[in-house]
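Asker: Sequence:
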Amino acid sequence: MVAVTIFSMGVLALVGLQSAMIKNSSDNRYRAEAQLIAQTHIANMMAYGADAATYIAQVDKDKIKTQLPNGALTFSALTNSMVTVSVAWQVPGGNRHQVNASSYLFEAGMSLVELLVGLLIGLVATLAISNLFSGFEARKRVIAGGADAQSSGVLAMYYMQRDAQNAGFGLPLYNSSDPSPLLCPMDTSINQAGVVINLSPVVIVDGGAGNDTLRIRYGNPASGGASLRATGNMAAPTLDGRLIGCQENDVVLFHQTPDNPNCSMARLQKLNPDRAINALSELNTMPTERPVTDLNGADWVSWY
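Numbering (my numbering), first residue to last: 1 to 304.
FYI, nobody ran anything at the bench for these hints, they're computed from the structure.
Since the model is a prediction, treat every value here as computed from it, not as a measurement.
Heads up, the beta-carbon is just placed ideally off N, CA and C, and yes, glycines get one too.
Please note that a few of the clues may not be correct.
Computed spacing ranges between beta-carbons, pair by pair [what the hints assert, rightly or not]:
id, residue 1, residue 2, range
1, S152, S200, 26 to 34 angstroms
2, T213, L123, 50 to 58 angstroms
3, S152, R215, 18 to 26 angstroms
4, M110, S130, 20 to 28 angstroms
5, A32, L115, 38 to 46 angstroms
6, V142, L115, 34 to 42 angstroms
7, A128, N211, 41 to 49 angstroms
8, S111, Q150, 55 to 63 angstroms
9, S130, A209, 39 to 47 angstroms
10, L119, R141, 31 to 39 angstroms
11, E248, I143, 51 to 59 angstroms
12, S200, Q161, 12 to 20 angstroms
13, V142, G122, 27 to 35 angstroms
14, I204, N249, 25 to 33 angstroms
Hey, can you work out the whole structure from these sequences and the hints?
Answerer: Below you can see the structure in the form of structure tokens.
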């Protein structure tokens, strides 16, 4: 009796399982068919485009009943660009199922207003970036200009310092016993050659309403200038000492006493073995007779 009962229960369970499998298979088949029907109508309406309402009116909804048990086709949420298709059916067991499919009938794009708004946003962003960039460039130019000005000022001060340190080098040295060549008249023509020569190491020229000018004079001999006393006459001067350190083509400056500061210049054309000038012909330019008339004990010849 127990065995018969267990066997009966197994048969019933097997039959129930088979029925459930058949039902699920049927439901899946109906669901697939309903989904296909819905997608087909969506595709057809997309082909009609704006005339979707006309297509819906022409659909023979009764044919759905032959494809699905108690099938029904409905259209809802119809707008200018989107529609929803609902396919419903009722299985023999009494359960009702439904499949929905929605789609845009037209490709959504941008309107003219949206394009104009986008252009406006782009222009505002471009203007903001341009202002930021121009401000950055202005600050960079100010910083770079200040740095360049400082560098130029440092270089200018360096060159001025270098020239100022050399001011007077090569000019005859001044001492208490020898009159300085700076006693020569300033801004006058030496040798009457029409060339104004100022022997001051440093001269500041007043520019009036314009910029002042700083003039620095120095020579480039291997040794500094030296002063020697010359006696005798202009044709054959006698030097009180030798021209130590002098070379050919060095410049010679003749000047008189502080009371009579007339000057004359020449260049050493020939240097004798005794390193002295034996005749003025050894100079490339004869000293003028008027500035230096004759060489007595109070007259000097300076080399630099």
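Asker: Can you list which hints this structure breaks, lowest number first?
Answerer: none
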